[in-house]
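For the protein sequence lines, the chains are S and Y, in the order given.
Residues 1 to 438 in the working numbering are what the first sequence spells out, letter by letter.
Residues 1 to 293 in the working numbering are what the second sequence spells out, letter by letter.
Think of the hints as simulated: they come from the structure by calculation, not from any bench.
None of the values given here were measured: they were computed from a predicted structure.
Far from chain Y, by Cβ distances over 10 Å, these chain S residues were calculated:
1) N128
2) A168
3) F289
If you want a taste of the chain S side facing chain Y, the calculated C-beta under 10 Å gives, among others:
4) D89
5) S257
6) E400
7) D403
8) A406
9) Q407
10) F413
Think of the CB as a built atom: it goes at the ideal place given N, C-alpha and C, for glycine as much as any other residue.
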Amino acid sequence: MRIKKGLTGLIVGALMLGLLAGCVGKNETNGGDNGGGAAEGKVKLTMWGAVPPENGPQEVVDTWNAEHPDIQVEYVRFVNDDDGNLKLDTALSTGQNVDLYVNYTLTNLDKRIKGGTALDLGEFTDYNIDEKMGEDAASWKVDGKYYGMPTKKNAAFFALNMKALDQAGLSVPKAWTWDEAREYALKLKTAGFKYGLVQHTASYVDPLDSVLVKNGYVKADGSSNLDDPLVTKWLETLNGMMKEDATTPPLGEQLTSKMPVENMFLGGESAMINIGEWLIRTSNNMTEFPRDWKIAFAPVPRLAAQEADMVKSGGLGDFIAINSKSKNKEAAWEFLKWYADGGMMPMAAGGRLPSSNAVDQQTAIDHLLGDYADSYDKESLEFVLYGDETPTFVRSIAQEVVDLRAQEYEKFFLGNQTAEVTVQNMVKRHNDWLKQNQ
Amino acid sequence: MHKSWMKRQSRLGYLFIGPNMIGVLLFFIIPAVYSFYLMFTDYKFMSPETNFVGLDNIRRMLNDDLFGVALRNTFVFLLAVPVSMGLAFIVAVALNKSVYWQKTLRALYFMPYITSGVAIAFVWMLLFQPTSGPINGFLRGIGITNPPGWLSTTEWSMYAIDIIWIWFMLGYNMIIYLAALQEIPEELVEAARIDGARPWQTIRQVIWPLVSPTTFLLLITGLIMTIKNFGIIQAITQGGPGNSTTVLSLFIYQNAFRYYEMGYAAAISWALFAIIMVFTVLQWLGQKRWVHY
Numbered sequence: 001m002r003i004k005k006g007l008t009g010l011i012v013g014a015l016m017l018g019l020l021a022g023c024v025g026k027n028e029t030n031g032g033d034n035g036g037g038a039a040e041g042k043v044k045l046t047m048w049g050a051v052p053p054e055n056g057p058q059e060v061v062d063t064w065n066a067e068h069p070d071i072q073v074e075y076v077r078f079v080n081d082d083d084g085n086l087k088l089d090t091a092l093s094t095g096q097n098v099d100l101y102v103n104y105t106l107t108n109l110d111k112r113i114k115g116g117t118a119l120d121l122g123e124f125t126d127y128n129i130d131e132k133m134g135e136d137a138a139s140w141k142v143d144g145k146y147y148g149m150p151t152k153k154n155a156a157f158f159a160l161n162m163k164a165l166d167q168a169g170l171s172v173p174k175a176w177t178w179d180e181a182r183e184y185a186l187k188l189k190t191a192g193f194k195y196g197l198v199q200h201t202a203s204y205v206d207p208l209d210s211v212l213v214k215n216g217y218v219k220a221d222g223s224s225n226l227d228d229p230l231v232t233k234w235l236e237t238l239n240g241m242m243k244e245d246a247t248t249p250p251l252g253e254q255l256t257s258k259m260p261v262e263n264m265f266l267g268g269e270s271a272m273i274n275i276g277e278w279l280i281r282t283s284n285n286m287t288e289f290p291r292d293w294k295i296a297f298a299p300v301p302r303l304a305a306q307e308a309d310m311v312k313s314g315g316l317g318d319f320i321a322i323n324s325k326s327k328n329k330e331a332a333w334e335f336l337k338w339y340a341d342g343g344m345m346p347m348a349a350g351g352r353l354p355s356s357n358a359v360d361q362q363t364a365i366d367h368l369l370g371d372y373a374d375s376y377d378k379e380s381l382e383f384v385l386y387g388d389e390t391p392t393f394v395r396s397i398a399q400e401v402v403d404l405r406a407q408e409y410e411k412f413f414l415g416n417q418t419a420e421v422t423v424q425n426m427v428k429r430h431n432d433w434l435k436q437n438q
Numbered sequence: 001m002h003k004s005w006m007k008r009q010s011r012l013g014y015l016f017i018g019p020n021m022i023g024v025l026l027f028f029i030i031p032a033v034y035s036f037y038l039m040f041t042d043y044k045f046m047s048p049e050t051n052f053v054g055l056d057n058i059r060r061m062l063n064d065d066l067f068g069v070a071l072r073n074t075f076v077f078l079l080a081v082p083v084s085m086g087l088a089f090i091v092a093v094a095l096n097k098s099v100y101w102q103k104t105l106r107a108l109y110f111m112p113y114i115t116s117g118v119a120i121a122f123v124w125m126l127l128f129q130p131t132s133g134p135i136n137g138f139l140r141g142i143g144i145t146n147p148p149g150w151l152s153t154t155e156w157s158m159y160a161i162d163i164i165w166i167w168f169m170l171g172y173n174m175i176i177y178l179a180a181l182q183e184i185p186e187e188l189v190e191a192a193r194i195d196g197a198r199p200w201q202t203i204r205q206v207i208w209p210l211v212s213p214t215t216f217l218l219l220i221t222g223l224i225m226t227i228k229n230f231g232i233i234q235a236i237t238q239g240g241p242g243n244s245t246t247v248l249s250l251f252i253y254q255n256a257f258r259y260y261e262m263g264y265a266a267a268i269s270w271a272l273f274a275i276i277m278v279f280t281v282l283q284w285l286g287q288k289r290w291v292h293y
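Next comes chain S alone, as it looks inside the complex (with noise of 0.2 Å):
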């Protein structure tokens, strides 16, 4: 009798479990009918990136699919946050369709060279990205390889209302530092604008970066180097421009509102805005954003006070990688140079400039400026894209120092720290830091 008890139990939990892989078997067979095609001699290749398909990648697909009806691309969106890396990150461990994906960050890439998804190009012969992509995109190597390509022209820069410019008797800088574009600021705010400058909370480091890359994030001694100088001259030129000028906005009333600032850019709030090549997708809304005038453009500020010293944020993006355990390698290589040296050019109206010199830089401009390019001030964009010789750099440290480093800063510019302890914390959590990854 007790065995026949266990028996049951056995039984049942074998009908369970023959359900649960059921579930399981019919998923995969789902994923074989997508794959269904290879037994034909199509090839199905998957592309996991961030921007929503209608942005531009449904396009470039589209474009590519009629044209090859043997390689048949399909584009699958993540949203580029914790979760949507996460989600990422699993279906590469675990082996679900992923063929070629694009890496937004350094550090993000780090982690999936390490766990063996990225496929070193070094073994494809036919393309020489360093030629193709310019010294830019030597900063996206790990070790000295490309474990994929960088196929974005990044642009940070100072987006200024030209008609205030004029008004206020200013030019648009070529070269600027950080107490220049203060004293802009204060002109601005008092020629009739809310805000001087307003920014996203994302570019708020970027200054910082700036200084770390060019004078190291580590000491020689293996300490940490966020006591430079430049932090401190940071956070007090930021600091006094929300609580001494009231130029931008407090910090706290940015973060609690989840300040849109495009949206007071572009309806004339504030003056000026520190952000990057996206802008041109909002700004090209004119029945949303309707303005009158134009957008001129300027550099990022310095907080050196040497030109030399500078290294601006920018570089390459979208670093696409092929997947090292997919099947269709070749064909995913060949849709990836496609893609890089033209077929991205669809995402160019979105802000994405495609690096590729096989791509002519006025047609780039046109696709990104479309129907609206009398509204731009065009030398001071093309000097900001394409003119501007300062070396740029990608951010590439740990997202737990970047967290760090805005828990500390963040406190400051609340007025519940100094900056002296401000530094002091950084450089202490940076140092345990150091000392629990070496």
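We have chain S already, so just place chain Y on it with the hints.
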């Protein structure tokens, strides 16, 4: 004959609980045991190597200032539970008797509980806006010249979250209390009235002791639910500004899914488990003194 019937019955019983048990085994017990093992490793998601590191994660946790901050924030967060229960009891007593709009009011109080967390987050962010938000507008209106900055300051942010959480839990607590109040025999209240008890005395000395099992249930479940919750904080402040609203559960989430430090996150999870365990055991021990069945 009788015996075999019992056997068949129990077999049938197993059949019914089988699906659920397998679910519990696959999605709860196995992961829990696995996380216990992970606590002693340096496992990082996506990283190829995993080493056994012994008590390193626990040592790291005890030396981590942020763990202390998270622990303190968690206790401030827990203050919301008794406050919400107290308010819920008062509202429930009021709504138990015939008042105007009784049903509408019950529905209104319960509404937050069934509303999406993200929607709640956005509405409260607007309400708490330091300069143009209605809450500070009201406070200024009644003569408070320097109202708190709520979510925009490190001193007030955790209390602001508490207020949202109190409001969120109120409806649920109220419904459970209402159910308990309906169970109270009318005669007891009647007897108290005949003996000359004032309404307040009746509530304190008759009704409150009679609903104590409900209070006990709400307290335990409320504390556990609160200590585990991170969604609402993630949606509103992501633990900021600074790290003033990083509670333990959010700290675990950040370590596991933002930094991929699974080993460390597992260690903190077990610390959280231990805290919940201590709370629960203490309450079970204490219940004899104040819970009357």
